[in-house]
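Chain residues, written in single-letter form:
2 protein chains.
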Amino acid sequence: MSDTDAPTVTAAALAIGDELLSGRTKDKNIGHLAEMLTAAGITLEEVRIVPDEQQRIVEALNALRRRYDYVFTSGGIGPTHDDITADAVAAAFGVPCDYDSEALTLLARHYAERNLEFTPARRRMARMPVGSRHIDNPVSRAPGFIIGNVHVMAGVPSVFQAMLDNVLPTLRTGARLLSDKVPCPFGEGDIGDPLTVIAKANPDVNIGSYPRFSGEGFSTEIVIRGRDGDAVAAAKQEIEAMLADIEYSLGAAAD
Amino acid sequence: MSDTDAPTVTAAALAIGDELLSGRTKDKNIGHLAEMLTAAGITLEEVRIVPDEQQRIVEALNALRRRYDYVFTSGGIGPTHDDITADAVAAAFGVPCDYDSEALTLLARHYAERNLEFTPARRRMARMPVGSRHIDNPVSRAPGFIIGNVHVMAGVPSVFQAMLDNVLPTLRTGARLLSDKVPCPFGEGDIGDPLTVIAKANPDVNIGSYPRFSGEGFSTEIVIRGRDGDAVAAAKQEIEAMLADIEYSLGAAAD
Chain B
8 MSDTDAPTVT
18 AAALAIGDEL
28 LSGRTKDKNI
38 GHLAEMLTAA
48 GITLEEVRIV
58 PDEQQRIVEA
68 LNALRRRYDY
78 VFTSGGIGPT
88 HDDITADAVA
98 AAFGVPCDYD
108 SEALTLLARH
118 YAERNLEFTP
128 ARRRMARMPV
138 GSRHIDNPVS
148 RAPGFIIGNV
158 HVMAGVPSVF
168 QAMLDNVLPT
178 LRTGARLLSD
188 KVPCPFGEGD
198 IGDPLTVIAK
208 ANPDVNIGSY
218 PRFSGEGFST
228 EIVIRGRDGD
238 AVAAAKQEIE
248 AMLADIEYSL
258 GAAAD
Chain E
8 MSDTDAPTVT
18 AAALAIGDEL
28 LSGRTKDKNI
38 GHLAEMLTAA
48 GITLEEVRIV
58 PDEQQRIVEA
68 LNALRRRYDY
78 VFTSGGIGPT
88 HDDITADAVA
98 AAFGVPCDYD
108 SEALTLLARH
118 YAERNLEFTP
128 ARRRMARMPV
138 GSRHIDNPVS
148 RAPGFIIGNV
158 HVMAGVPSVF
168 QAMLDNVLPT
178 LRTGARLLSD
188 KVPCPFGEGD
198 IGDPLTVIAK
208 ANPDVNIGSY
218 PRFSGEGFST
228 EIVIRGRDGD
238 AVAAAKQEIE
248 AMLADIEYSL
258 GAAAD
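So the protein lines, in turn, are chains B and E. Just so you know, we're using our numbering here: the first sequence kicks off at 8 and counts up by one. Just so you know, we're using our numbering here: the second sequence kicks off at 8 and counts up by one.
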């Protein structure tokens, strides 16, 4: 079944945090978001990582939110002085950043239940651009928020993932991208020429080849993506036939 | 010893590849680059990930190379039809992309030694923007290249890392950023207010706090960064004293 008539829905990710740029923290949210969006039929088209500096966040956010259907941010919405994402997002939209009464109520109850003081730092987590809607946080309660097409989520992976789970069902999705793959024991140098011929002959699919280096030599994974299942299957058959030819011409299977 | 007089050297990373945006491949190069640059005294200030589309690569590369001292790219320099980074980089610089005679010689010898045919696909890997210098690739021979302030490297992590090892000693470096950290058994909500006071009182350092969620509750790692070792040590002492106060006021160490 072809699904090529459904519109494409595009997205960008903006990961915020000095720790990602210093190498202290290895980002885990971008890869997860990429996988979840792809599965949902939303095309992640760009990612940026910027430091905890208001002007840099504003600039990147304004570039991305104007260009793509959705933007997803991670990081900088905690209770400490270096958590400046809410202020920066408000500045990008030109609206005030203020304490949200519903979030204050939610957090006051959360900390009261735990006999924890509702400190000014914790109150900071109730601040958001005026006009935002909440993203529920089942892990640690302090909500993310949505303003315009921008979804602002936590940087801690378990919280980011829980927030994304809450957001995904609310998004408009496009034609789901189908994909299939063919493992290939040969390096890209062996298959590059015939694969180029197949890619040109199959304009309705996108064929990617991804080398892997074992320490001994290269192998390749060939991935076929498209919105039309028949076109993906046809390209896959051609690739498998091509690999059989190479194997035959080399006189033996690769080790 | 203060090292604050040395100039800051800035960098950006541009990771290229549809597979990073679809979630098929989880990027490993950005985190590695971030760590290596930080250790070398170069500040990674921005990261972008873009698909294998010439216009998108050109646009991102031109934005980044004009803004930062160095740009490091990963991905898209292999032998297959979807490897378009060399062409895109040439287009960004407005120079032709052509077969480099030195690279052709190198690769011809490499494949001859292995009794492998030097196919058109493999010859593609000798193409680079006219005027580029090579980045040696000890892993699989096909070189990366340098043009202007842009360093173009492979996407396969082992090759990227080997190329980066060759590039790092050639770079101008700035004041090395010193950092120290204090593990903190309390969540950010407990420390946010006093930590803000300490951060304001220590303008020569950058204090970051990074929550970790165990499933039971949050703990925090507090990181102090600066170019002046005395200032970092002074801030660290204040933070440790602050944590001791909290522990005392809670009547016991956190579990």
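Where hints are given, some of them may not hold.
[Said to hold, decoys possible] Below 20 Å or equal to it, Euclidean Cα-Cα: the simulated SDA-like pairs (lysine to any residue) are: (1) 33(E) to 207(B); (2) 33(E) to 256(B); (3) 35(B) to 60(E); (4) 188(E) to 47(B); (5) 207(B) to 60(E); (6) 33(B) to 127(E); (7) 35(B) to 42(E); (8) 207(B) to 30(E); (9) 35(B) to 50(B); (10) 243(E) to 207(B); (11) 33(B) to 253(E); (12) 207(B) to 58(E); (13) 33(B) to 60(E); (14) 35(B) to 46(B); (15) 33(E) to 243(B); (16) 243(E) to 164(B); (17) 33(E) to 38(B); (18) 33(E) to 253(E); (19) 243(B) to 187(B); (20) 33(B) to 42(E); (21) 35(B) to 164(E); (22) 188(E) to 253(E).
[Said to hold, decoys possible] Chain E side only, calculated, beta carbon under 7 Å to chain B, not exhaustive: (23) 25; (24) 141; (25) 145; (26) 148; (27) 215.
Just so you know, these hints were derived from the structure itself, not from any lab. Heads up, the beta-carbon is just placed ideally off N, CA and C, and yes, glycines get one too.
Against the structure, the hints:
With a C-alpha separation of about 28 Å, the suggested pairing of residue 33(E) with residue 207(B) is violated against the 20 Å cut-off. Restraint check for residue 33(E) and residue 256(B): not satisfied, since their Cα atoms lie roughly 34 Å apart, outside the 20 Å limit. Between residue 35(B) and residue 60(E) the alpha-carbon distance is near 25 Å, which puts this suggested pair outside the 20 Å criterion. For the hint pairing residue 188(E) with residue 47(B), the CA-to-CA distance comes to about 40 Å; that exceeds 20 Å, so the pair is violated.
Between the alpha carbons of residue 207(B) and residue 60(E) the distance comes to roughly 16 Å, so the proposed pair stays at or under 20 Å and holds. Proposed proximity of residue 33(B) and residue 127(E) is contradicted: the alpha carbons are some 38 Å apart, above 20 Å. Distance restraint check for residue 35(B) and residue 42(E): the Cα-Cα separation of roughly 16 Å lies within the 20 Å cut-off, and the hinted pair is therefore satisfied. Proximity of residue 207(B) to residue 30(E) is assessed by CA-CA distance (about 25 Å); at most 20 Å being required, the pair is judged violated.
The suggested pairing of residue 35(B) with residue 50(B) holds, with an alpha-carbon distance near 19 Å, which does not exceed 20 Å. For the hint linking residue 243(E) to residue 207(B), the alpha-carbon distance of about 60 Å lies beyond 20 Å, and the restraint is violated. For the given pair, residue 33(B) sits about 30 Å from residue 253(E) by alpha-carbon distance, which is inconsistent with the 20 Å threshold. A distance of roughly 19 Å separates the Cα atoms of residue 207(B) and residue 58(E); the hinted pair therefore holds under the 20 Å criterion.
Restraint check: the Cα-Cα separation between residue 33(B) and residue 60(E) comes to about 26 Å, which exceeds 20 Å; the hinted pair is violated. At roughly 17 Å between alpha-carbon atoms, residue 35(B) and residue 46(B) fall within 20 Å of each other, so this suggested pair holds. As the CA atoms of residue 33(E) and residue 243(B) are separated by approximately 24 Å, the hinted pair breaks the 20 Å bound. Under the criterion of a C-alpha separation no larger than 20 Å, the hint pairing residue 243(E) with residue 164(B) is inconsistent with the structure, at around 27 Å.
Proposed proximity of residue 33(E) and residue 38(B) is supported: the alpha carbons are some 5 Å apart, at most 20 Å. Taking the CA atoms of residue 33(E) and residue 253(E), the gap is near 40 Å; set against the 20 Å cutoff, the hint is violated. Distance restraint check for residue 243(B) and residue 187(B): the Cα-Cα separation of roughly 8 Å lies within the 20 Å cut-off, and the hinted pair is therefore satisfied. For the hint linking residue 33(B) to residue 42(E), the alpha-carbon distance of about 10 Å falls within 20 Å, and the restraint holds.
The straight-line distance between the Cα atoms of residue 35(B) and residue 164(E) is roughly 17 Å, inside the 20 Å bound, and the hint therefore holds. For the proposed pair residue 188(E) and residue 253(E), the alpha carbon gap of about 18 Å is at most 20 Å, so the pair holds. Because the smallest distance between the Cβ of residue 25(E) and any Cβ of chain B comes to about 6 Å, under 7 Å, the interface hint for this residue holds. With a cut of 7 Å, the hint placing residue 141(E) at the interface with chain B is violated, because the nearest CB-to-CB distance is about 18 Å.
Because the beta carbon of residue 145(E) sits about 12 Å from the nearest beta carbon in chain B, more than 7 Å, this interface hint is broken. Restraint check, residue 148(E) versus chain B: the minimum CB separation of about 10 Å is more than 7 Å; hint violated. Because the beta carbon of residue 215(E) sits about 5 Å from the nearest beta carbon in chain B, less than 7 Å, this interface hint is met.
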